[in-house]
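Turn these sequences into a full structure, and let the hints guide you.
Protein chains in written order, with our numbering: chain A, 1 to 198; chain B, 1 to 174.
Hint data in this document are derived by calculation from the structure and do not stem from the laboratory.
Accuracy of the hints is not assured; some may be wrong.
Within a straight-line C-alpha distance of at most 27 Å, the following computed DSS-like cross-link-like pairs (lysine-lysine) qualify [claimed, not checked]: (1) Lys2(A) with Lys164(B); (2) Lys5(A) with Lys90(B); (3) Lys164(B) with Lys2(B); (4) Lys5(A) with Lys164(B); (5) Lys90(B) with Lys2(B); (6) Lys2(A) with Lys90(B); (7) Lys171(A) with Lys153(A); (8) Lys52(A) with Lys37(A); (9) Lys90(B) with Lys164(B); (10) Lys35(A) with Lys52(A).
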Amino acid sequence: MKETKRRFIMVVLAWIASLFLVSLVAAYYYVEFQKEKSANTVYVSMYNNLLKNYTSLLQSYTELLNDYNSLAQSYEVERQNLTHLLQQYESCIMRVNICIDYGNGTVQWYNQTIVPLGYNLLQATRMVAQVNSTYWPAYRSSFVDAINGVWNKGAYYWMWYYWDKESKAWKYGDCGADLYILSDGETVRWRYEIPNYG
Amino acid sequence: MKCRRTATLIVMAALCIGVQLTPRPPNVEFTSLICFLTGFLFGALFGALLGALTMFINGFLSPWGFAGIIMPFQMLGMALMGLAGGVYRKLISNDFSISKSLNFESACLAAFLTLIYDIITNVGYAVLFNLEIVIVLITGVWLSIIHVVSNTVLFGAAFHRLVKIVGSLAGENL
Numbered sequence: 001m002k003e004t005k006r007r008f009i010m011v012v013l014a015w016i017a018s019l020f021l022v023s024l025v026a027a028y029y030y031v032e033f034q035k036e037k038s039a040n041t042v043y044v045s046m047y048n049n050l051l052k053n054y055t056s057l058l059q060s061y062t063e064l065l066n067d068y069n070s071l072a073q074s075y076e077v078e079r080q081n082l083t084h085l086l087q088q089y090e091s092c093i094m095r096v097n098i099c100i101d102y103g104n105g106t107v108q109w110y111n112q113t114i115v116p117l118g119y120n121l122l123q124a125t126r127m128v129a130q131v132n133s134t135y136w137p138a139y140r141s142s143f144v145d146a147i148n149g150v151w152n153k154g155a156y157y158w159m160w161y162y163w164d165k166e167s168k169a170w171k172y173g174d175c176g177a178d179l180y181i182l183s184d185g186e187t188v189r190w191r192y193e194i195p196n197y198g
Numbered sequence: 001m002k003c004r005r006t007a008t009l010i011v012m013a014a015l016c017i018g019v020q021l022t023p024r025p026p027n028v029e030f031t032s033l034i035c036f037l038t039g040f041l042f043g044a045l046f047g048a049l050l051g052a053l054t055m056f057i058n059g060f061l062s063p064w065g066f067a068g069i070i071m072p073f074q075m076l077g078m079a080l081m082g083l084a085g086g087v088y089r090k091l092i093s094n095d096f097s098i099s100k101s102l103n104f105e106s107a108c109l110a111a112f113l114t115l116i117y118d119i120i121t122n123v124g125y126a127v128l129f130n131l132e133i134v135i136v137l138i139t140g141v142w143l144s145i146i147h148v149v150s151n152t153v154l155f156g157a158a159f160h161r162l163v164k165i166v167g168s169l170a171g172e173n174l
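Okay, here's the thing in structure tokens:
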């Protein structure tokens, strides 16, 4: 075969090969493009869904924020009302400290107990403990029989004291508990003991 | 066949198999060149046999792992490469000694034959795994390009010199 003819055939073969490869590359990029295109469609759809969700969330958030602001305003109004009520309430109550000493080492304190203004010791004690008492018309007062299920027994009785701020000592109560009107900030004590009046 | 030619042929076979089994970048190979050269110098039959034998051994001992059922297609493709070497020798016949364009022609031929080899193996892969042939060809296009370009450059740069060297070893006066 002549060299020119042979060379022509070789060039044609190489040209076919390169053409084929170029076609494959083009096809490769076309396939990749189609893949990306379909992926892009999915991404756009996802983006739109996300945007919709975001918008919905934003609306909910705005509504919540409005509700919160409304609640905050209501709260402020109510707070002012309550503050006013509390001020009125403060003028009707007092705070007392009540101690219950069972005489066996058990001592219970009810500090800053809020009781209505003008309450006597018996009424205040009933607010912190279960009290059994008997009214004696002859003395026009009540006698405490038991506190929290601990009854007067034998020589043991429930006696009450008040704290004398001047002498800084406990002093026996000199009347029935229902006759003793408490004052604000006062400290009183019940004690289960054998009375000692000496 | 003369002893010298036989010895050279055995050396070519050993070289071909050894180089094929040596770890190398994917789709960059020297087997095509050696098979084509063998077919060119020792005849189409020897070229085809060497190509088939090399890919058969490669199928079991390749650094990339067992070739599996693709192996017959690889053997066919490489046999074609060796066969083409012999046919090409027939085509150039007397023109060989003066052909300055041998490198160019062999490069062109290498591009075409390598593409044929890739098409055969890809078609085999597609048929065996029940895949679309076009999809397999498209997916492997970059590997094919590496293969074709590397073989084109290799043939273009080395074929003429190797013909001279191996031909003289085999006792041919080229």
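In ascending order, which of the hints set out earlier in this document are inconsistent with the structure?
Failing hints: none at all.
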